[in-house]
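Residue-level listing of the chains:
Protein chains: 4
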Amino acid sequence: MSAIPAFTVPFEVRDYECDLQGIVNNAVYQQYLEHARHLYLKQRGFSFAELTKAGIYLVVVRAEIDYKSPLRSGEAFVVSSRLARLTPVRFAFQQEIHCTVPRRLVLTATITCAAMSQAGKPIIPKGLDALFDGPAS
Amino acid sequence: MSAIPAFTVPFEVRDYECDLQGIVNNAVYQQYLEHARHLYLKQRGFSFAELTKAGIYLVVVRAEIDYKSPLRSGEAFVVSSRLARLTPVRFAFQQEIHCTVPRRLVLTATITCAAMSQAGKPIIPKGLDALFDGPAS
Amino acid sequence: MSAIPAFTVPFEVRDYECDLQGIVNNAVYQQYLEHARHLYLKQRGFSFAELTKAGIYLVVVRAEIDYKSPLRSGEAFVVSSRLARLTPVRFAFQQEIHCTVPRRLVLTATITCAAMSQAGKPIIPKGLDALFDGPAS
Amino acid sequence: MSAIPAFTVPFEVRDYECDLQGIVNNAVYQQYLEHARHLYLKQRGFSFAELTKAGIYLVVVRAEIDYKSPLRSGEAFVVSSRLARLTPVRFAFQQEIHCTVPRRLVLTATITCAAMSQAGKPIIPKGLDALFDGPAS
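Same order as they appear, the protein sequences are chains L, C, E and S.
Convert by adding 59 to the 1-based position in the first sequence; the result is the number in our numbering.
Convert by adding 59 to the 1-based position in the second sequence; the result is the number in our numbering.
Convert by adding 59 to the 1-based position in the third sequence; the result is the number in our numbering.
Convert by adding 59 to the 1-based position in the fourth sequence; the result is the number in our numbering.
If we strip away everything but chain L, and leave its shape as in the complex, we get (with noise of 0.2 Å):
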């Protein structure tokens, strides 16, 4: 692991993510991670939407989740994200979910991405380096 902090986003369990099990949904938790990716994506100068409209698609090529605990209606809970480069056109965040109080690990997913044209061909977005804190752990 990276000396350097993970990026972290505080979020809030809101009642229409919870299913009827009365927990959040397993679908909500990767709309969570996404967003986290998104925002620490932002801080480092790169915007999603930006990206998109500039043909520049940034894609999950695959998602590693496990699930250790559920969330439910109206906790607090913290994204935390860091990402690793893989090789020139390939990077993954290592992103974990906790629950604020009592403090506890929800899930721990490795999200593996690419940036691609539309027509699918691997790209290499300029400044790409700014991304990441170090080599792949």
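Hints are supplied without guarantee of correctness; some may be wrong.
Copies of the same chain are indistinguishable here, so a pair counts whether it falls within one copy or spans any two.
[Stated by the list, open to error] Listed below are the simulated DSS-like cross-link pairs for lysine-lysine, each with C-alpha atoms no more than 27 Å apart in a straight line:
1) K101 to K180
2) K112 to K180
3) K185 to K101
It is worth saying that the hints were derived from the structure and are not from the lab.
With the hints as your guide, set chains C, E and S onto chain L.
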């Protein structure tokens, strides 16, 4: 792989499932996969909603998804699901999504599930054996 | 009401569409209604996604929805849609959702739409007359 | 209008909430409105999730939404809510969404709600009077 054919469910992309890239949002594929799993359970006599009411919580403990090719507005596709038992209380769905026209692989996924009480204790629901085609492939 | 039969689309409630009350979440009904409207447009030769690419934005300007009876996990239902022109650039969908078994009215809605350029100026898409059954009822 | 200030909740548009038009999908605004209503209830001592567990179902019986101007990726906005009692068992939220920068009205909504038992019978939850600022405006 089992010789028994996979359980398949036909779908069609709805426009609200597409995001600003014009393709189905990553999290939405997990919704498709979940719906296909719940229909798999149903045709074997298990209702997810009824199990939940009875205090048996089927939960996803790990998701591995490989995204191969995105789905777009209006495309028809099929989700196929197979189920294998990993341990007495864990089981894994092997799922694939194929676009219908033109025929292409959209994603493959392995979704590992467990049955738990609301308190988080492992449970083996009565008649669970009826769910499985055979041993883990 | 026009004597022309309404355009109908069959659906089935998916578990992830239900919230912690065990019924379909209010916002999800708007997704059903939207999908039915887009299929209405499609069978008249208008693709929402193609229109958007061409710079023509169909937008909802007003929604009135009366919720009569909730939908639950697994229920089959039908969305029926009629379209009437209000002014040269405004049109209104009259939509209803009926649960199939037992047959009951789930909701009625009037959704007023307009066509706009990306800059927000009213547009009359070519061939728009093909959309309508007749005058506003 | 009551002289009492409205209850406000700050939000930020998440990319997954935008559809292929590049703007927040119509149904998502209802999710924002619902979340703001549930926080309104919470600060008055009512938890939507707790009420549901106790067999008291707060349901929307009518929604009227006027869409004035769409929200886009990353925009910050505020949902303001006021609540008025219409009859002993019906109450209406007056809600507005304003984008923060540039300041503009995004939508206005009137959401009429009722409290019911799971069987659909009207209920007056104990202490309900604490919810209201005053008479219907």
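Against the structure, the hints:
Proximity of K101 to K180 under the C-alpha cut-off of 27 Å is restricted to the intra-copy arrangement: shortest distance 23 Å within a copy versus 31 Å between copies. When the C-alpha separation of K112 and K180 is checked against a cutoff of 27 Å, the pair qualifies both within a copy, at 16 Å, and between copies, at 21 Å. For the homomeric pair K185 and K101, the shortest alpha-carbon distance inside one copy (15 Å) is at most 27 Å, but the shortest distance between copies (39 Å) is not.
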